[in-house]
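Going line by line, the protein sequences match chains A and B. Numbering-wise, the first sequence is residues 41 to 241 according to our numbering. Numbering-wise, the second sequence is residues 41 to 241 according to our numbering.
Keep in mind that the hints were calculated from the coordinates and are not lab data. Since the model is a prediction, treat every value here as computed from it, not as a measurement. Take these hints with a grain of salt, some might be off.
Same chains, same label: a pair holds when it works inside one copy or across any pair of copies.
Result set (DSS-like, lysine-lysine): computed pairs, CA atoms no more than 30 angstroms apart in a straight line [claimed, not checked]:
(1) Lys-179 x Lys-226
(2) Lys-60 x Lys-235
(3) Lys-188 x Lys-60
(4) Lys-235 x Lys-187
There are 2 protein chains.
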Amino acid sequence: MKSNNVQWHSSIVTRARREKCNGHKGAVVWFTGLSGSGKSTLAHAVEDYLHSGGCRTFVLDGDNVRHGLCADLGFTDVERTENIRRVGEVSKLFVEAGNIVLTAFISPFENDRSSVENILSPGDFIEIYCSCSLAVCEKRDVKGLYKKARAGEINNFTGISSIYEPPRNPALCIETDVSTLDESVKMVIEILKRKNLINFA
Amino acid sequence: MKSNNVQWHSSIVTRARREKCNGHKGAVVWFTGLSGSGKSTLAHAVEDYLHSGGCRTFVLDGDNVRHGLCADLGFTDVERTENIRRVGEVSKLFVEAGNIVLTAFISPFENDRSSVENILSPGDFIEIYCSCSLAVCEKRDVKGLYKKARAGEINNFTGISSIYEPPRNPALCIETDVSTLDESVKMVIEILKRKNLINFA
């Protein structure tokens with residue numbers, strides 16, 4: 041760490057005060073899976089449900105991170121790792137602020153996901169695997185990226201020219217090529233209730 | 041920008057919905073000034089006031105950023121610029137989430153502060169200059185850093201071996217070697233009220 045001479049002192053407004061004010065706990069709900077597996081769609085749908093229930097939430101995904109905080113990073117292994125590291129650190133800040141953060145990144149490497157879990161407090165990291173066959177993701181190809189990757193126009197594309205390491209022990213595995221969006225949202229909400237992060241019906 | 045093939049689509053839960061839910065607007069209150077000028081103390085005191093009034097707030101400062109998101113950065117001009125760029129991008133996300141973000145960084149370069157203002161929507165950046173003479177900051181020397189800088193143990197130390205460019209047109213200039221903390225908090229709150237970001241008494 042290059043940042044010597046920087047002391048940590050805790051905020052007067054603590055996480056506990058924020059959570060009491062919000063009526064729920066902070067946490068990171070980490071969606072991982074192939075491009076096209078439905079991570080972002082599910083994250084936003086869960087957020088909508090939680091927000092309607094009065095929760096303080098935020099979705100971090102490629103759309104709002106890759107254009108801003110990580111606009112200097114590409115998609116090599118090293119850059120993906122740095123991307124996920126930064127997302128982890130920002131998630132930690134949002135949790136400290138009392139939010140339920142929903143992240144939607146391919147996050148293909150197990151080590152990177154573990155590193156995020158390790159900077160958070162125990163219980164703050166809830167890993168959800170959006171499991172969907174490459175064939176289905178490629179057939180959907182909402183953004184036309186698989187076609188480009190197959191044509192060699194995009195390098196380091198997960199599933200085609202870069203590996204994906206599925207979570208070994210996720211809090212939840214959703215087969216997004218089988219479950220509907222509504223069913224998937226309910227599964228996520230059930231997990232959050234079971235972990236006592238939220239308490240509404 | 042290296043992040044091609046990433047499309048922007050807006051969240052279902054909009055900033056407007058979050059602000060309505062919170063009862064106040066989102067904004068970045070950007071404190072700038074020399075080390076020891078009281079930025080962090082003031083930011084936390086303002087946060088305490090706002091939180092007690094029911095606002096959703098968060099303080100970003102060296103303490104929670106330099107150890108995490110920016111732990112890979114030192115204090116050269118280039119690294120300071122990247123540090124402030126990242127803080128700006130994180131602030132933007134917090135504002136999008138409906139928060140009043142209070143940032144406490146020396147942020148010595150006018151260009152860096154302008155860059156942050158420019159990535160935000162008009163009116164979202166409120167610059168507050170904590171004006172305090174180098175002599176007073178050095179006399180306080182809470183963290184013992186000025187002593188180290190004078191002894192040559194710290195390089196690129198603002199005010200000693202690195203320049204500080206004061207804001208030309210801040211929303212507010214507080215002489216923190218003259219005003220008390222309570223007076224300073226009141227001045228900041230008045231600005232936020234005048235800008236219709238908050239509406240409590």
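- Check each numbered hint from earlier against the structure, then list the numbers of those it violates in ascending order. The structure breaks hints 3, 4; every other hint is satisfied.
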